[in-house]
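Based on these hints, arrange chain C on the given structure of chain A.
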Amino acid sequence: MRIPCPCCGSRDRREFTYYGASVFLDRPAEDAGLEAWDAYLHLRDNPAGVTRDLWYHDPCQSWIEVERDTVTHAILSTAPVARRRA
Amino acid sequence: MVDLIADKPFQGLPLSIGRASVEGMDPGPVTAIQPFPGATLPMPFPQAGQVLAQGGGRLVWAGRETAFLMGEAAPDLAGLAGVTDQTDGWAWARLSGPDMAAVLARLCPLDLRALPVGTSARTMLTHLPAIVIRTAPETLEIGVFRSMAGTLEHELSAAMRAVAARASLR
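Those protein sequence lines, which keep their order, are chains A and C. As numbered in the numbering used here, residues 1 to 86 make up the first sequence, in order. As numbered in the numbering used here, residues 1 to 170 make up the second sequence, in order.
With the rest of the complex left out, here is chain A:
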């Protein structure tokens, strides 16, 4: 499996560390209520198909949001997390 790093280009999966679903970036407001916080902290989808998750490219120190297909292992798109938060 190869992942295109937005910084370095296409790199081997061994250079990356997996974190988890990218909904981790969508932190609820402090007063969003228990249900929203429970979902944010504990509830994750486990789709057979397109999913979005966070990977860290160890060599260049970039967090990357990767859209990929868990059935075909195709990487559909990647984007740097830093730009999304800017």
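I should point out that these hints are in silico values taken from the structure, not numbers from a laboratory. Each residue gets a CB set at the ideal place from its N, CA and C atoms; glycine is no exception. Possibly wrong hints are sitting among the right ones.
To be verified - Output of the computed footprint for chain C on chain A, the stretches with three or more beta carbons under 8 Å from beta carbons of chain C:
#1 12 to 21
#2 55 to 61
Said to hold, decoys possible - Derived, one-sided and incomplete: chain A residues facing chain C with beta-carbon distance under 10 Å:
#3 C5
#4 C7
#5 C8
#6 G9
#7 P80
#8 A82
This is chain C only, laid out in the frame that chain A set:
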């Protein structure tokens, strides 16, 4: 103040096995430059993979929004960038010879045959985070954390021996 004795990071180099040689190198002062968001530096800043001439030294891309100034004293970039001394934090070795890429193919997931001369890349050598700079078709400079210099030396010598052994069977 105690007078400390400077010691070289690689105890077993230079080493030449088969068609590859590796030697320790002193790149001069090494300074990490990490521009603050929105800041404009008084010098060109390297894009991913770029190595730029800077004064008498080199400005080498060394990671996301990070460059290493090598072989030149640290500039005053107060208010513009994070500037940290890395001189003793990294150990540098120069691997050269016709089998340079074949040796590293055993250690590194990046295809170094395809790395253009005069560019740098961040990658892993086995589990070592490394900076590689290709300075000539058969010459690669490798930087790793100084604490991992012994591991780099071991991994390189093992890979060089294996490539040479394999070539001797042809």
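Each hint, compared with the structure:
1. 12 to 21: It holds: at least three residues are needed, and the stretch 12 to 21 of chain A offers 3 whose Cβ sits within less than 8 Å of chain C.
2. 55 to 61: It holds, with 4 qualifying residues against the three required.
3. C5: holds (9 Å)
4. C7: holds (5 Å)
5. C8: holds (6 Å)
6. G9: holds (8 Å)
7. P80: holds (8 Å)
8. A82: holds (8 Å)
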